[in-house]
Amino acid sequence: MVAFTLNGAPVALEVSPDASLLHALRGPAGLSGPRFGCGTEQCGTCMVLLDGAPSYACTLAASACAGRAVTTVEGLGTPDAPHPLQAAFLAEQAGQCGYCLSGILVSAAALLARDPDPDDGAIRAALDPHLCRCGSHNRILRAVRRAAAAMRVPA
Amino acid sequence: MSGGKGLIADPVTGTTTTGFGAAMPPADGRPRLPGSLHLNRRLSQWLSFHADGRVTITPGKVELGQGILTTLSQIAAEELDVDFGRIAVTPAATPTSPDEAVTSGSLSTQDSGGALRHACAQARAIFLGVVAQRTGVPVDSITVEDGVFLGPAGAIGSYWALADQALLETEATPDATPKPPGARRIAGTSVPRLDLPDKVFGAARYVHDLRLPGMLQARMIRPPSRRATLTAIADGALPGDARVVRDGDFLAVLAATEWEAEAAATRLAARCTWQERDTLPDQASLAVWLRDAATRGERSEVASRGTPGTAGRTLKREFLRPYLAHASIGPSCAVALWEGDTVTVWSHTQGPYNLRADIAKTLRCPAEKVVVRHREGAGCYGHNGADDVALDAVLAARAVPGTPVRMLWSRAEELGWSPFSPAMLVEVEADLDADGGIAAWRSHIVSNGHSSRPGRDPAPTLLAASMLADPFPVKPSINPPMAAGGGAPRNGVPLYAFPALKVETTRLLEMPVRTSALRGLGATLNVWAIESVLDEAAALAGEDPLDFRLRHLEAKRAVAVLERVAAMAGWRTRQRREGWGMGIGFARYKNNGAWAAVVAEVEARERILCRRLWIAGDVGEVVNPDGVANQFEGGAIHGTSVALLEEVRFDRRRITSDGWDSFPILRFSEVPQVAVDIIARPDQPFLGAGEASMAPTIAAIAGAITDALGIRPRALPFTPDRLAAAA
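Residue numbers (the numbering used here), protein chains in the order written: chain P, 1389 to 1543; chain B, 124 to 850.
Don't take every hint at face value.
[As the list claims (entries may be wrong)] For each label pair, taking beta carbons as the anchor points, the in silico distance ranges come out as:
| no. | chain 1 | residue 1 | chain 2 | residue 2 | range |
| --- | --- | --- | --- | --- | --- |
| 1 | P | Pro1467 | B | Ala248 | 33 to 41 Å |
| 2 | B | Gly277 | P | Asp1505 | 53 to 61 Å |
| 3 | P | Asp1516 | B | Ala850 | 24 to 32 Å |
| 4 | P | Arg1540 | B | Arg735 | 27 to 35 Å |
| 5 | P | Gly1509 | B | Glu729 | 57 to 65 Å |
| 6 | P | Pro1405 | B | Thr219 | 41 to 49 Å |
By construction, these hints were calculated from the structure, which means they are not laboratory data.
Built from N, CA and C at the ideal position, the CB exists for glycine as well.
Put together the whole structure using the sequences plus the hints.
Have a look at this one:
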C-alpha cells in the first residue's frame, strides 16, 4: 500500500513494493493519461508532475511517491474546466494521434508555472524530453505560447 | 470524388488508374459506384438514423491519428444537411462494417469519403421521396435544415421522425446527386477534430486503455535474434500467478497486473536458451548486398517510352536508403477474448478484414470465428506491429478461455520486430542533350517488396505465424501493382517530360528482415534520386533548379505548386549565406495522387539542421483544410527525421537499434518551422494528403545540403559521416 496525493485528492494504492508509479496510475488508480512508451525515460509519454516537477513515471518506484503530490494530465483540467494549456491545444488543433500529449501537457504546465513568458528556445528545451512521431511539434509550440499569453492575462 | 467516374488518365504519364483505390476491381459488370461503395453497396452498411436525433456513420476506414473520422463526418453532415454535431462514428468491426480493405495509400477520403458522400446523398433522396409521397409536397419544394424537412408551409418531417432503417436496406445506385461544390457549407471548412478532446484530457481512447472485467496482462518473450529457435527453458518460479504460454518459438506470459507480467517476462527470458545463427547482411556494405541479391531477384520493366539518341554526356548516379522503422510512440497493443471456439480481438489494425483473414488462417478456422474490432492506437504510418500483436494476443488468450488478455509490446519489440521499410538502391543514368536538358532517363530500383500486409496471400503473414510449432513459411514481400501506386517503384517514373525513358525494378526474393509498407513506400528514395539528378543537370547547364524543373514539366498543377512554393520561400530572390542552403523538391504522390512542392532551408553546423520548410500542395477537393495542413506538416517533419537521422542498425544476427537512443528521431529542439499552403480545387476529385509531402521534403533537404556545402548526398540519412563520404 502506498499513499500519496493524486490530482489533489488523497489515494492509497495496493501495489507491489517495487512497482512503477506508471503501473500504479494505470492499474489500481485507473487512469489512462500517463502512457507507456519506452520504459527507459527516453520518450516522455509517461511524464507526470511529482511535487510540481516533471518526472518519468515509468522508472519511478510507486513507493518513492509516498506522502508526495502527483499530478497527471487528468489533474490539469476537465472538458468543463480545461487548463489553459488544454484549451490552447484544442484551439491550435495541436495533435494527431495524441499519444504524446498527456506527457507534453504536464511538462508544459510545469514550464509555465515557473516561467510565465517562455521564449521559443525555452519551450523547445522544456519539451525536448518528449517525442512526437506525427510531426505536430509546431502546433504544440504555438499552443504553449497561446496558453502562456492567456495565463498572463487573467480572464 | 463526386461521381461514378471510370478510368482516369494521367495527363503526364499517360498511365491509367481506377481512381477508386487499391480495393476496387477495374470492372465487374455492375454499375460503377464511387469509392468503397462499389463493393459495399447496401446503404445500411454506411449510415443509420436514430429517433433521438443522432446519425451514425459506419465507415470501414479507421482512425490512425490522421483525422479521417472528422473528415468523413463532415462529408456525411454535408450531404444529409444535418449539423456536424449530430454525426457519431462507429469504429470499424467485422463482420458488419463495410470491407474497405486497408486504411492506407492516402486513399481514405477517396475510398470512404467518396462512398459516404454518395450513400448520404442517396439516403437523403430516399427520405425526401418518402416524405413527399406521404405529404403530397413535391420533392423539389422540400428543403432540409439540420435534419428537418421543410415544405412551403413549414416542417413536414425529419430524419429522426422517420428513422426507419428499412429505408436504407437497399443497394445504392449510380443516380444519387451529391451537392455541387458551391453548395457545400461543412465540407471544406476546418471543423475541429472529433478525437482531440479525449486526447488532451487523458481519456481512455486507445486500445491500450481498454479495461475488461477480469482482464489479464500479457507480455512476449522474444528470441534474441532473427530465426533463433528456443531449445530449452530452465525451471523456476514466476512472480504471482504468472503463467507461461508456449507454442514452438512463440513464448508469452500472462499475469494479473502489468508489473507482474513484465517481471515474469524478464525472469522467463533469463531462463531461455536460444540457438542463434547469422542471418543478416553486413550493414556496412548494404549496397553490395543489394546488388548481389538483385542478381537472384525478379527484374521487371516499370515504364518505358521513346528511343534514346546519341548521348553527349551521361550522368551515372546511385542512391541508397537504409531499412527504416515505423517508430510509433506507443508500442503495439491488442486485447483478445476467447469464448467457445470464437475469438474477439480489439486492435489498432489498418485493415480489420485483412487481419481477420490472417488470424483465421493461422488458427486454421473459418474467418467467421474471428471478430476484429478497431480501437485507436498511437500514430500509424504504415504496416507496423498492430496486426502482429493482435495475433500474439489471440494466441496468448487461447490459454485462458473466457478471460480477456491485453498484450502490449515493449519498446524493443516495436523498434526491433515490427516490419521494416526495406533498404533500397536506385541506379540512374541520365543522357544530357546539347542544351543541357535531360534527353533520356534510365533507372533501376532494387529493393525487397514493400508489402507483407495480412489478407493478401494464402498463408498468413503475421509475425507469430512463422514461430509456431507448426509454422507457416515467411514469403518475400510483394509490391502493390503500379495502378495502385506500386511499391518499390512508387514515384520511380519521373513526371518530367524526358523524350526517352526506361525504368526497371528488381524485387529481391531473399528477405533477411521482414519488410512492408511505410509512408511513401519507395517514393522516399525514388523522388530524391530523380530530384537530385535534376539538380545536378541544372547545375551543369548553369540553370536555376526551379527553372530547370519547369522546362521539363507540362502538367499545369505541377507548375502551380512549384511556382507557389517558390513565392512562399522567396526562392527567386534568395541570398547566399555562409553555412546555409536552400533546396527544392517536387512530386505527385504515386504519380496519380496529391501534388507537393517543398523548399527546405538548412544550416550546416557539426551536423545538418533543417531550419525551415515551405510546402505548396494540391490535394484536389479539400474537406478539412486544417486537417490537410496537419498531414502535410507531419509528413514533412517525418521526412526531415528520415533525411537526417533514421536508420535501422544491425549486426549479422540482431537488430541493434531497438531503443530511442539507437534509433533517434527528430526532437522539439531540431524541428524546422513549416509553412503550408494548399491550392484550392473544390471542383476536383480528392487526391489524398497523408503521404504527399514526405518524399519531396527529403529531396529538398538534399538539395539544400548541396547548396550549403557543395556536397551531393548519395545515401540516407544525411549524417556527417555519410556527407563526408560523398564529398
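- Query: Pro1467(P) and Ala248(B), beta-carbon distance inside 33 to 41 Å?
  - Reply: 37 Å, holds
- That 27 to 35 Å hint for Arg1540(P) and Arg735(B) (C-beta), does it hold up? 28 Å, holds
- Message: Quick check: does the Cβ-Cβ distance between Gly277(B) and Asp1505(P) fall within 53 to 61 Å?
- Response: For Gly277(B) and Asp1505(P) the Cβ distance comes to about 56 Å; the hint holds.
- Task: Using the beta carbons of Gly1509(P) and Glu729(B), state whether their distance is inside 57 to 65 Å or not.
- Result: 19 Å, violated
- Task: Determine whether the Cβ-Cβ distance between Asp1516(P) and Ala850(B) falls within the hinted range of 24 to 32 Å.
- Result: 30 Å, holds
- Assessment of proposed distance window 41 to 49 Å (beta carbons of Pro1405(P), Thr219(B)): Check passed, 47 Å falls within 41 to 49 Å.
Checked against the numbered hints above, the structure breaks only hint 5 and satisfies the rest.
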